[in-house]
Amino acid sequence: MTHPSGTQPAFRRTPLNAEERARSEITFSQLVAGHLVTQGRFRITADSPEMVDLWQTVARRVGETLQRPVVSYANGRDIVITFAQEAPSLTTQA
6 MTHPSGTQPA
16 FRRTPLNAEE
26 RARSEITFSQ
36 LVAGHLVTQG
46 RFRITADSPE
56 MVDLWQTVAR
66 RVGETLQRPV
76 VSYANGRDIV
86 ITFAQEAPSL
96 TTQA
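Each step along the sequence shown adds one to the number in our numbering, with nothing skipped, and position 47 is 52.
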């Protein structure tokens, strides 16, 4: 297919099928869990609704795996996954 001089074809992302999505969730969960334990946060580009949904699912899985509250913040271009701030205990004494 030819394109007018100086133009590029539009980028089209192929959606993940169910098997690819399941494998991605498992593999990415292991990756993110490792980053959270060692660095406290994980940041990646998530520039489509499908990718934001995938990474939010990964964040939930990581929270379940590590048995700690995990949150994800998306801004339309990137997503950051980190540990949630834990509320101070009411029994803490000064």
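Please keep in mind that the hints were generated in silico from the structure rather than gathered at the bench. Take these hints with a grain of salt, some might be off.
To be verified - Between beta-carbon pairs, the in silico distance windows are:
| no. | residue 1 | residue 2 | range |
| --- | --- | --- | --- |
| 1 | Asp83 | Gln35 | 40 to 46 Å |
| 2 | Gln13 | Glu69 | 37 to 43 Å |
| 3 | Tyr78 | Leu36 | 16 to 22 Å |
All C-beta atoms in this analysis are idealised placements derived from N, C-alpha and C, irrespective of residue type, glycine included.
Here's how the hints hold up against the structure:
no.	hint	result
1	Asp83 to Gln35: 40 to 46 Å	violated (21 Å)
2	Gln13 to Glu69: 37 to 43 Å	holds (42 Å)
3	Tyr78 to Leu36: 16 to 22 Å	holds (18 Å)
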